[in-house]
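**Q** One letter stands for each residue in the lines below.
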Amino acid sequence: MELILEGIRKAIWLLFTFDPEVLGITWLSLKVSGLATFFSLFIGISLGTVVALARFPGRRLVVSLINTGMGVPPVVVGLFVTIFLWRNGPLGFFELLYTPTAIILAQAVIATPIVAGISLASIQKLPEALRLQILALGATRIQMVRMLIREARLPLLAAVMAGFGGVISEVGASIMVGGNIKGYTRVLTTATVMETGKGNFDIAIALGVILLIFTFCINAILTGIQQRERPR
Amino acid sequence: MKMLNRSFLVIMALFVAAILAGSPASAADGKNLILATTTSTQDTGLLDLLNPMFEKKTGYFVKTIAVGSGQAMAMGSKGEADVLLVHSPAAEKKFMEEGSGVNRKLVMHNDFIIVGPPSDPAGVKGMKSAPEAVKQIAAKGALFLSRGDNSGTHAKEKDLWKKAGVNPEGQKFYQQTGLGMGQTLNVAAEKKGYTLADRGTYLSLKKNLGMDILVDGDKTLLNIYHVIVVNPEKFPKVNAPAARAYADFVVSKDVQAIIGKFGVDKYGSPLFFPDAGKPDND
Numbered sequence: 001m002e003l004i005l006e007g008i009r010k011a012i013w014l015l016f017t018f019d020p021e022v023l024g025i026t027w028l029s030l031k032v033s034g035l036a037t038f039f040s041l042f043i044g045i046s047l048g049t050v051v052a053l054a055r056f057p058g059r060r061l062v063v064s065l066i067n068t069g070m071g072v073p074p075v076v077v078g079l080f081v082t083i084f085l086w087r088n089g090p091l092g093f094f095e096l097l098y099t100p101t102a103i104i105l106a107q108a109v110i111a112t113p114i115v116a117g118i119s120l121a122s123i124q125k126l127p128e129a130l131r132l133q134i135l136a137l138g139a140t141r142i143q144m145v146r147m148l149i150r151e152a153r154l155p156l157l158a159a160v161m162a163g164f165g166g167v168i169s170e171v172g173a174s175i176m177v178g179g180n181i182k183g184y185t186r187v188l189t190t191a192t193v194m195e196t197g198k199g200n201f202d203i204a205i206a207l208g209v210i211l212l213i214f215t216f217c218i219n220a221i222l223t224g225i226q227q228r229e230r231p232r
Numbered sequence: 001m002k003m004l005n006r007s008f009l010v011i012m013a014l015f016v017a018a019i020l021a022g023s024p025a026s027a028a029d030g031k032n033l034i035l036a037t038t039t040s041t042q043d044t045g046l047l048d049l050l051n052p053m054f055e056k057k058t059g060y061f062v063k064t065i066a067v068g069s070g071q072a073m074a075m076g077s078k079g080e081a082d083v084l085l086v087h088s089p090a091a092e093k094k095f096m097e098e099g100s101g102v103n104r105k106l107v108m109h110n111d112f113i114i115v116g117p118p119s120d121p122a123g124v125k126g127m128k129s130a131p132e133a134v135k136q137i138a139a140k141g142a143l144f145l146s147r148g149d150n151s152g153t154h155a156k157e158k159d160l161w162k163k164a165g166v167n168p169e170g171q172k173f174y175q176q177t178g179l180g181m182g183q184t185l186n187v188a189a190e191k192k193g194y195t196l197a198d199r200g201t202y203l204s205l206k207k208n209l210g211m212d213i214l215v216d217g218d219k220t221l222l223n224i225y226h227v228i229v230v231n232p233e234k235f236p237k238v239n240a241p242a243a244r245a246y247a248d249f250v251v252s253k254d255v256q257a258i259i260g261k262f263g264v265d266k267y268g269s270p271l272f273f274p275d276a277g278k279p280d281n282d
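Sequences listed follow chains A and B, in order.
In terms of our numbering, the first sequence opens at residue 1 and continues consecutively.
In terms of our numbering, the second sequence opens at residue 1 and continues consecutively.
Honestly, the hints are just simulated from the structure, not real lab data.
It is possible that some hints are incorrect.
[Stated by the list, open to error] Calculated pairs, DSBU-like style, for lysine-lysine (alpha carbon to alpha carbon, straight line, at most 30 Å):
#  : chain 1 : residue 1 : chain 2 : residue 2
1  : A       : K182      : B       : K56
2  : A       : K182      : B       : K172
3  : B       : K140      : B       : K158
4  : A       : K182      : B       : K140
5  : A       : K182      : B       : K57
6  : A       : K182      : B       : K206
7  : B       : K78       : B       : K57
8  : B       : K261      : A       : K182
9  : B       : K266      : A       : K182
10 : A       : K31       : B       : K56
11 : A       : K31       : B       : K140
12 : B       : K158      : B       : K219
13 : B       : K206      : B       : K266
14 : A       : K182      : B       : K105
15 : A       : K182      : B       : K31
16 : B       : K163      : B       : K31
17 : B       : K253      : A       : K182
18 : B       : K219      : A       : K182
19 : B       : K172      : B       : K128
20 : B       : K219      : B       : K261
Can you build the whole structure from these sequences, using the hints too?
**A** Now the structure itself:
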């Protein structure tokens, strides 16, 4: 118990003394997971919307696949991304393994099904009559899709939060494709694992607390936006 | 709403551009060196001291991937690392025979120790022979924690069991963590079990563990580290100049002196003993 208090004290101390290494690690975590979430939004929302609105054979299978993807363990994603990015692997010529870009890629792969799944559910939940009404008012197909996404924006913000929360707290893929390289690919979660291994529990707890503080702040902001705008 | 969306996109695009522009040199220009190594060199903090010196001296950027020696060599034998710093002599010899490595050099040594709870339920404290000690642990059925990850330490431990004539696999007293040395020590401390550890990692974790060194000093417990350059002829993508520079660096006189002093101020005794240039019996 004392160790946890000590860790919290250390977290505050590290933050307010602007410890350059901890700040660097924190900034990298936010940057990498923020970008990964950003990319996953494009693919995830598009995919979710298409599957929600289109009717085609095998659709149920696609929905099942997306829903399964929401729960794929990050280490499995990490393993596959590592194999693809190996120097002698299919994408080896990009020389991306053990770079921050590799972590962004792996995290985007993890977040995309989460975003797609929630988008799919929220667009599908909109009343059928709304679609017909929008079309009846003379909207083109693209205009209709835009309107629907706008209508579903509150649950879509939940998709952003779920995606971001999923990747910033993830450690398996980040350590495999990033390598936990000091000052380069070391993020909050991988640093926490390493400090635990070194027996520096106070620093490990401090890093965990910092992670919680930042995740909370970002979620608080997103929740603020979500709750301010009541659906009209 | 639409305006907001557009400006948001512009900001994000600038952000992405800034990151791509600001990211450090990619491996394509030959400035990156992938060092695959054991956890002990990282967990003791030795590489945090040596690598910045190497980077400053040569301009290469070292990407340290700290895994077990077994995994480090697996990376090397696929050409996915440039240089290895490992401590698993038997596996290293196999690695060299396969032609995966060139230029294997002796770097340093310390020793393995058998650690356990101060109460010492198996009564092995002070035993001179390590194989005898593990035999007694097995006979008493006292809990033994194994790394179980093909690391150099795990290889040494398997060697001890073989010498003791005991097959611990699947027995009740024998548990495998599959974790690094530091974490395995923590598990052993928590469960009041015995484990085999390298002295360096044990000393750097000692303050939180509450475990004692029970057996040390046996010749079979020697822990030897070698540096190996991954064969660039077999794997053309290996950064051979950087790998050679790193191997030369760790065996250079200055660095060997630094290794010999590392940890003295903090633990009262060195964590590693420099060996470069000495006859290599292994």
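**Q** Compare the structure with each hint and give your call.
**A** Cross-check of the supplied hints:
{"no.": "1", "hint": "A:K182 <-> B:K56", "verdict": "15 Å, holds"}
{"no.": "2", "hint": "A:K182 <-> B:K172", "verdict": "39 Å, violated"}
{"no.": "3", "hint": "B:K140 <-> B:K158", "verdict": "19 Å, holds"}
{"no.": "4", "hint": "A:K182 <-> B:K140", "verdict": "44 Å, violated"}
{"no.": "5", "hint": "A:K182 <-> B:K57", "verdict": "18 Å, holds"}
{"no.": "6", "hint": "A:K182 <-> B:K206", "verdict": "24 Å, holds"}
{"no.": "7", "hint": "B:K78 <-> B:K57", "verdict": "29 Å, holds"}
{"no.": "8", "hint": "B:K261 <-> A:K182", "verdict": "23 Å, holds"}
{"no.": "9", "hint": "B:K266 <-> A:K182", "verdict": "22 Å, holds"}
{"no.": "10", "hint": "A:K31 <-> B:K56", "verdict": "27 Å, holds"}
{"no.": "11", "hint": "A:K31 <-> B:K140", "verdict": "53 Å, violated"}
{"no.": "12", "hint": "B:K158 <-> B:K219", "verdict": "16 Å, holds"}
{"no.": "13", "hint": "B:K206 <-> B:K266", "verdict": "12 Å, holds"}
{"no.": "14", "hint": "A:K182 <-> B:K105", "verdict": "26 Å, holds"}
{"no.": "15", "hint": "A:K182 <-> B:K31", "verdict": "16 Å, holds"}
{"no.": "16", "hint": "B:K163 <-> B:K31", "verdict": "45 Å, violated"}
{"no.": "17", "hint": "B:K253 <-> A:K182", "verdict": "26 Å, holds"}
{"no.": "18", "hint": "B:K219 <-> A:K182", "verdict": "35 Å, violated"}
{"no.": "19", "hint": "B:K172 <-> B:K128", "verdict": "26 Å, holds"}
{"no.": "20", "hint": "B:K219 <-> B:K261", "verdict": "23 Å, holds"}
In terms of the numbered hints stated before, the structure departs from hints 2, 4, 11, 16, 18, listed from lowest to highest.
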